[in-house]
Amino acid sequence: MVAQHPGNPDRDGPYPSTLLVASGPLVYVDGWRTQKSLRDMIFAERRVAVPRPPAGVTARVVVDSSRNCSPTTRIVCDDCGMASVITGEQVDGGVYIDVGGRRVWHYRGGEPAGPPTVLVHGVFGLASTWGAQIADLSRAGLSLFVPERSGHGHSPDHPGPFTCEDMYAETVAYLEQEVGARANLVGWSDGGVIALLIAKRRPDLVNRMVVVSTYVNRSGECADNDFFTPIRARKPAAMKFLEDGYSRVSPDGPEHFATVFVKTLEMLDREPDYDLAEFADVAAPTLVVVPDRGIARIEHAIELTETLPHGRLAVLPGTHILPVESPELFNPLVIAFLAADPSSHWLPDQ
Numbered sequence: 001m002v003a004q005h006p007g008n009p010d011r012d013g014p015y016p017s018t019l020l021v022a023s024g025p026l027v028y029v030d031g032w033r034t035q036k037s038l039r040d041m042i043f044a045e046r047r048v049a050v051p052r053p054p055a056g057v058t059a060r061v062v063v064d065s066s067r068n069c070s071p072t073t074r075i076v077c078d079d080c081g082m083a084s085v086i087t088g089e090q091v092d093g094g095v096y097i098d099v100g101g102r103r104v105w106h107y108r109g110g111e112p113a114g115p116p117t118v119l120v121h122g123v124f125g126l127a128s129t130w131g132a133q134i135a136d137l138s139r140a141g142l143s144l145f146v147p148e149r150s151g152h153g154h155s156p157d158h159p160g161p162f163t164c165e166d167m168y169a170e171t172v173a174y175l176e177q178e179v180g181a182r183a184n185l186v187g188w189s190d191g192g193v194i195a196l197l198i199a200k201r202r203p204d205l206v207n208r209m210v211v212v213s214t215y216v217n218r219s220g221e222c223a224d225n226d227f228f229t230p231i232r233a234r235k236p237a238a239m240k241f242l243e244d245g246y247s248r249v250s251p252d253g254p255e256h257f258a259t260v261f262v263k264t265l266e267m268l269d270r271e272p273d274y275d276l277a278e279f280a281d282v283a284a285p286t287l288v289v290v291p292d293r294g295i296a297r298i299e300h301a302i303e304l305t306e307t308l309p310h311g312r313l314a315v316l317p318g319t320h321i322l323p324v325e326s327p328e329l330f331n332p333l334v335i336a337f338l339a340a341d342p343s344s345h346w347l348p349d350q
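Letter by letter, the sequence shown follows residues 1 to 350 in UniProt numbering.
Calculated directly from the structure, the hints in this document are not laboratory data.
We put the beta carbon where it would ideally sit given N, CA and C, even for glycine.
Misleading hints may appear alongside valid ones.
Pairwise CB distance ranges, derived in the manner of DEER restraints [to be verified]:
id: 1; residue 1: Pro254; residue 2: Ala280; range: 40 to 48 Å
id: 2; residue 1: Arg182; residue 2: Thr229; range: 32 to 40 Å
id: 3; residue 1: Ala280; residue 2: Glu255; range: 40 to 48 Å
30 Å max Cα-Cα, derived DSSO-like pairs, lysine-lysine [as the list claims (entries may be wrong)]:
id: 4; residue 1: Lys240; residue 2: Lys263
id: 5; residue 1: Lys263; residue 2: Lys235
id: 6; residue 1: Lys263; residue 2: Lys200
Using the sequences and the hints given, assemble the complete structure.
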């Protein structure tokens, strides 16, 4: 269903009256104590264990009830507004590769002969962050490439600071080496910034793009948001939530989390720092997806869309973790846009 957005003047000021926001099926929310029955109904057949919440963190499990989907459990931290995605079979088989002298872990899935599509996560993300997308994108016939950038997930950290330019160079090297053809790029948070930089500087590597919850300079970030604000404030629940996720898979060990955390905060304080006008010559058709309660200002997303020659805008109800919260809204939109030809016809056929 599509309806006009009523606006949120308390935070962002009134939205344009013509702004359209999609809505769709709700998700089933259940507490940890009764999750066993949901696990038996939905996950037992695939033998995916429902994880326990991190010690000291109040959390709940959010399970997509709109369809019998892939074995994915979404854990939402009530205290810090964040979520992790614990996935089952669809991320098994990830391997380490050498990318420009760096040891990078990546996952390959989907239809090998399908259109190459690279999922680019953001800060504190990893391959399983895309767990609620992988099965649907695979069924749509896409050939998936899901790398974990240095210092994230299974990929070891590298000396020096985290920067957008460094992530850009690492991702370009990955595309040249592993994909070797024009690819669709789906970037989340600052992963969207990396996708935009690649489309601007290396258009030979990009077919279409989707950027979600992305801002290209600090003026595009909501001053007070449920994701980065508790991280910057080092709220205990946020710290515990992130550290637990990092320690589960990082080859650098749990003691290295403090280093990665500081490097991430330092990057967030200075980046991204690009002018919108820098992306005025991006040729790739681009879908800008922004949640109405996320970290990116709605106005900034509108300006980015208007800057891009072939930009389209979708505003969906949700927060920064929209792909985790509402895959039933996000996934069909992404699939339809990536399959569209010509670029003006891309809405889901419903």
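Against the structure, the hints:
Taking 40 to 48 Å as the suggested C-beta distance range, the pair Pro254 and Ala280 conforms, at roughly 44 Å. For the pair Arg182 and Thr229, the supplied restraint of 32 to 40 Å holds, since their beta-carbon distance comes to about 38 Å. A C-beta distance of roughly 45 Å is found between Ala280 and Glu255, which places it inside the suggested range of 40 to 48 Å. For the proposed pair Lys240 and Lys263, the alpha carbon gap of about 17 Å is at most 30 Å, so the pair holds.
For the given pair, Lys263 sits about 17 Å from Lys235 by alpha-carbon distance, which is consistent with the 30 Å threshold. At roughly 26 Å between alpha-carbon atoms, Lys263 and Lys200 fall within 30 Å of each other, so this suggested pair holds.
Going down the numbered hints, you'll see the structure goes against none, and every one checks out.
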